[in-house]
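Taking the hints into account, I'd like the entire structure generated from these sequences.
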Amino acid sequence: MSLNISDLVNEDASLISRRCWSDEGVYALEKRGIFGKSWLFLGHESQIRAPGDFVQAYMCETPIIVSRGQDGGIYANINSCTHRGLPVCRADHGNTKRFVCPYHNWSYSVEGNLMTIPQESEVVRKPDKTQLGLKRVPRVESWRGMIFGSFDEAIIPLDEYLGDMRFYLDAFFDRFPAGIEFMGAPHRWVINANWKLPVENQLGDVNHGAFLHSAIIPIEAQQLIEKLGHSVVTTPGHGATFRLMPENTPVDDVAWGMEAVGSIFGGDEVQNYLREIQTQAHERVGDLRSRMKGLTYGIYPNLSFLWSNTSFKVSHPRGPGKVEYWSWAVVPADAPDNIKKILRTNYSSFFGPAGILEQEDSEVWAQQFLGSNIDFADDRPYYYGLGLGEEKPHPDMPGLVSVTANEFYARHFFTRWKKELQAAEGPL
Amino acid sequence: MSALSIEVTPEQQRQLERFYFHEARLLDNRQYLQWLTLLSEDVRYIIPSRVNVQVNNRARGQEDMISVEHELEGEDSMGCPHREEGYILLMLRAERAYKINSWSENPPARTRRIVGNIELMEHSSDTLSVLSNFHLYYARPGSDNILYSGQRRDTLLSQADGFRIVRREVVLDYAAIEVPTLGLFF
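Order-wise, the sequence lines are chains A and B. Counting along the first sequence from 1, when you hit position 237 you're at 586 in the numbering used here, and nothing is skipped either side. Counting along the second sequence from 1, when you hit position 155 you're at 159 in the numbering used here, and nothing is skipped either side.
Keep in mind the hints are simulated off the structure, nothing from the lab. It is possible that some hints are incorrect.
[To be verified] These stretches of chain B come out as covered by chain A in the derived footprint (C-beta under 8 Å, 3 or more residues): (1) 22-30; (2) 54-60; (3) 77-84; (4) 89-100.
Heads up, the beta-carbon is just placed ideally off N, CA and C, and yes, glycines get one too.
What follows is the structure in structure tokens.
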């Protein structure tokens, strides 16, 4: 079946075709037009502190090794031997001098350069090893310790790509003098869903909470979200939601982490730690941002940050109907170990594969994919029109701002998505 | 973990089996509130995450090179276990099952647990360390049929009216997590 991209998303993106979520041809275009052209999240510098340290990552379905070179630089290479294509790294993380292919033992340096070909000595004409390293991701840049890579050599600098999202990201990052760190290997959860729905969920859809999660989230908390909640789109595809607490809100009602299980079970020690961070927030991030009590963030195309339960997540596609959803617990880098161990449960108890809340999200994501595949319903695209045109600039905050029920975050995402797919259309 | 289990009398073994079979039946019958009564109030319920680790070259030739323990990011690690729960969170999960708006359990999954390989590893006064294996068949309406497999490392407290679970660590046998949830009672 041939598809016309302009038929999938209408003019104001208030109607989204079911095929956006389920069509193989659309997915092939997404790979080329979006995952081949964007900055994609690879990991955090806290995971690769020492020369030789490495972690695995993905750029869409392409396996990547992210490593700290002997020169202290950060390298990203495709995890596939130049000789026969096998992965040269099998561990989730570690420290090494060489990546070795099991098939014929071609070996690569931690920077991805081909070092030895064991068979070389037996042949007369030696291959030019300088041309046969692992395929390097052409652009790798970091911001606040977050490492991104792009297959597009001509892409704009990462700083510029993140744009005004940095204002909102710093509302979190800048609270911590030593920054943040990721704890351990990511939880890698395979869900039978399209990659865009977890992204949309974290980009701005906090309003499903009152309904899907009503068995767990108290109604009072949800009412407060509706009352104080702001939804922001800085650049189409990037967005943030947060509660903006009134001036003179008591520390305990605004402090990051105070509403989560870690502070409840962690007692005075954890609570005093969280209060101390909040007390310094005014000075570190300014009055307005010190009153932000974040909910969800999204960075186009597939990185999410859940402030309230402090987790980074990446939605790695595995075809139109499958996603490998990675998530990490995130903690302040200079927190004492015992406090880090308590704070990680803010994430793991409620999100990730064992999370009390996210088991409900993953369920609806999978059900949405089923609904996106049914026949005789193509004249019933999904309705994305809530709050159409109601978002406005804000005097004190960058981007377009609105109430959380406004679905503009998703409309902006799909407007960008459509444009990028159209640019990629043409013979494969 | 290489030690042989403690030599037990058939009666002692039967007592442990009776406890575990009863527990499995309660869970399969969705009687989670009754299951909670099998827990000690200071219970710890842990599911380590499972990592693909780099082989330590210096350990080659030794069993330790591929020890399961290296793959586990548990409570004491600086990684991130899947679950580190006490009674309150377990109670939250149990009670959630009886709410009409617990959408991922509506309709509820059909489960069958087979518990075996029950080994008493340590026994001191009223405290027992017990290993057991399980297969948990999980059929979810509108979704897949799934087999969970794993080992339970329990600490039980022996009381006049039966055992209480003081600690349970569940080692799940997964490569990728291709199940709808790790939030079940294993």
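Verification of the hints:
1. Given as covered by chain A, the segment 22-30 of chain B fails the check, having 0 residues with a CB less than 8 Å from a CB of that chain where 3 are the minimum.
2. Counting residues of the segment 54-60 of chain B whose CB lies closer than 8 Å to any CB of chain A gives 5, which reaches the minimum of 3, so the coverage claim holds.
3. Counting residues of the segment 77-84 of chain B whose beta-carbon sits less than 8 Å from any beta-carbon of chain A gives 6, enough to reach three: the coverage restraint holds.
4. For the segment 89-100 of chain B, the stated coverage by chain A holds: 7 residues have a C-beta nearer than 8 Å to a C-beta of that chain, and at least 3 were required.
The structure is inconsistent with hint 1 alone, although it conforms to all the rest.
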